[in-house]
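Peer 1: Residue strings, one per chain:
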Amino acid sequence: MTLATFFVQCLNSMQYGLLLFLVASGLTLVFGIMGIVNLAHGSFYMIGAYLAYSLTALTGNLFVALALGLVLSLIFGYLLEWVFFSFLYERDHLQQVLMTYGLILVIEELRSILIGDDVHGVAVPAFLAGSIAIGNDMLYPVYRLFVSAACVVLALALYWLIRKTRVGMKIRAGASNREMAQSLGIDIGLLYRVVFSLGFGLAVMSGMLFAPVSTVYPGMGAQMLIVCFLVVVIGGIGSITGAFVAALLIGFVDTFGKVLWQEGAGIAIYLLMAVILLVRPAGLLGERAMR
Amino acid sequence: MTFFTRRRAWSASSWTLFLLALAAAPAMLDGGFELELLSKVMIMSIFAASLQLLVGCTGLVSLGHAAFFGVGAYATALVVPQAGAANLVATLAFAGGVSMLFAVVIGLLVLRTRGIYFIMVTLAFAQMLYYVVHDGKGFGGSDGTYLYFKPVVGMFGKTWVDLADGRAFYWAVLAVLVFTLGVLRVVMRSRFGHALAGIRHNEQRMTASGYPVFLYKLASFAIGGALAGIAGSLYAFQYGFVNPELFSWHQSGNVLLMVILGGPGFGGAIAGALVFVLLSDWLSELTKHWQLIFGLLIIVSVAMLPLGLTGGVAACHATIERLCARRRGVPAKTVPKEERAL
Amino acid sequence: MTLARSESTSLRACNLTRRFGGLTAVNDVSLDVDVGTIHSVIGTNGAGKSTLINLLCGELTPTSGDVMLNDASIGGWSQQRRARAGVGRTYQRNNVFAPLSVMENCRLAAQARMPRAWHLHEAARRCVASNELAAAALEHTGLTHCAMRIAGTLSHGQKRQLEIAMCLAGEPAILLLDEPLAGMGPEETARMLELLQSLRAEHAILLVEHDMDAVFAVSDLVTVMVDGAVIASGTSDEIRANRAVQSAYLGTADVE
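Chains as they are written, first to last, in the numbering used here: chain E, 37 to 327; chain A, 67 to 408; chain L, 2 to 257.
Bound conformation, chain E alone (with noise of 0.2 Å):
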């Protein structure tokens, strides 16, 4: 492996990662503060990545088409939460993997029905379509550069949100005492109805900006919620810290695991779960109390 392709693969890890992150910090983030267990999030992520197809398709213009997919999201997220989720909070996890596994049904044959299950390609913008060289014979797409960079900007945003708002700090109130925050005055149900669309609009956001990237086809919500899985596991659970380390340790191993050992064609990071689990099984940063 030369020093430019190590370069690219690093790049490509750290952009998979910080993807996986987002979309990982959702699914923590609606079960640790509202303990809901939703296998429904893959197909978030999916539907962010149609929506970007067929808004593009639409409108001609990818950023138009991440702005409003953006509102359409977090206005989706709220209807969704109001006239679904909130029915879940009172039940066992074990209701709620049937009843989100339900929800995955519907999701994908709605999909079905609306859009088809061809696979798609997004068009990029042409003033991001170019790549940068690296190195003397590699070329790296710009888009990518892009959508790391914006995953960064996302990253650090939700940060900000968490640790420096009054939203953060009733968010993080709710999270440890959902009582006591409601006799303090903070309405519970409407914060869920917040964070639950905080964590639908990261993932339909991360479909949307990773679209181009790859292809947009019909399983790619239930491989994104397994990988999911895998970030929350390895990084422990209700840790956004521990989701991040996580996002990009898989990052890691899964694309050099690819480039490295094509036979082993992506059971890489299973295999690090089973050494996590093996070692450490609480997580890298979790608690070892489990809900």
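Note that these hints are calculated values from the structure, not bench results. This one's a predicted model, so the numbers in the text were calculated from it and none came from an experiment. Even for Gly, the Cβ is constructed at its ideal location relative to N, Cα and C. Heads up, a few of these hints could be off.
As the list claims (entries may be wrong) - The following residues of chain L were derived to be distant from chain A, with all beta-carbon distances above 10 Å:
#1 N46
#2 M167
#3 R244
Said to hold, decoys possible - The calculated lysine to any residue pairs, modelled on SDA-like cross-linking and capped at a C-alpha distance of 25 Å, are:
#4 E/K294 - A/E311
#5 E/K200 - E/L321
#6 A/K203 - E/K200
#7 A/K216 - A/T246
#8 A/K203 - E/L296
Chains A and L: place on chain E using the hints.
Peer 2: Then chains A and L, alone, in the frame of chain E:
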């Protein structure tokens, strides 16, 4: 008749009727297709009952049980002779054994977690096996592998029954179902089974009393895995091919659905399997997009029937008993759970 | 390692310390519990008493220090192993198998210490040994009349008795009792104290409690903990007269 013996008699007679009806089915149905469907119901019942051991009896909610179903199916496909029939009992034992081995190895890792973590890692391991058979060499890739002959029942090279006949195969599956239920019933009534129930109700207390809880969970996981492998093996024989979709999370999700919607007990698992197979078969005939209706049905049923089908029936039964007892002015009997039959 | 109850048995805490991040819940605590004695541990809320029991029975590992059982170090033993060696405990909050019958609760506890508890083929109901042990434990705690009731339907006082019964069904040599009198009325308290007196001869009992009258009535030894550390240890009379204990815990008004 006391309350207990009346309940036990009711339960015993309904089981007997059910199994007799299954045995008599080939005589009453003339279509090969319907027989195949019922056979599928029985295979899925074995699969669901094996998961019920984990979920309902030990409290281990696995979203990756398809892993062992798939292992059993693939082990069968890879071990049967290319020309000529395989020995049913030997193959089932082999498939069950290989699945049990996988269950022990995976169990040693996943049982270190609990709750939602456990759900996630079991799903992940099933997915890992999916990739192994999908992308690995020698498994037939995404198309899978074929089995060309139905097995035979026999010993020492002599064939007693050739299962190429649809009815004979059906009765063989029924025999395996009865065997599975028998094994599960004996296990659940044993000291081991009672300990599993204790673990499900209060794991902390079991540890404090001195039980090596991890080993019990591992044993339960292993037995469940073995039985799932046997179900997978029968599936491979029935349809004549295996493919990576047997490991898919749809398969894991569906069997979990059968268990939860069917309700508690192994009877619940069978009820769930019956409803699931018949419903999905019927719905898929109606429309190409039947999964939409199915998904909505799942959501509604889980929301409305937290106890599942048999649980709902038992609750109705208990309410009626209580009302009758009140009418007669007699205090309703309390029923310790372990006294209830399967 | 199993213990016959007639052997002289002792459980010893040796400089046990347990920290949770910045908080030191148990600070260099040493005490002995011997067969034939009731050793009580009293202290304010948050003094570390429950943590101490958790350390002794193995539910928590100490940050430093050791636990000795009959001069053998068991600090590295798991909770299950200690339980099988004869260290039994009850919980401060009722921790029974609520959906099962009272009899089955005790039978399960008894089954744990049988040599072939994992048997797959023999019906549990016919297991003579565990049934007998369970029945004996129920009789000892006066719960025989509700043997077939569902544990979740018992009154609070009966559940506390069931806690003890389950502990006894495992035939422990050492009893670590975490506030067994919690929430009990005077009649039930008197019954429980009678039970403890009857158990004293053949067991080593560590009693964590808040009820001062009860503690001074039954204890052979009393240890007082404040903020995780032992501030005094001795007989009931010595403790009652101890100035430090009076000011920290009992109040400075004249006692007796």
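Peer 1: It remains to establish, for every hint, whether it holds in the given structure.
Peer 2: Against the structure, the hints:
1. N46: With a cut-off of 10 Å, L/N46 remains clear of chain A, as the shortest Cβ separation is near 22 Å.
2. M167: violated, 7 Å
3. R244: Label holds. Min Cβ-Cβ 38 Å, cutoff 10 Å.
4. E/K294 - A/E311: holds, 23 Å
5. E/K200 - E/L321: Measuring from Cα to Cα gives roughly 22 Å; hence the hint holds.
6. A/K203 - E/K200: violated, 52 Å
7. A/K216 - A/T246: Status holds; Cα separation ~21 Å.
8. A/K203 - E/L296: holds, 18 Å
Going through the hint list in order, the structure does not satisfy hints 2 and 6.
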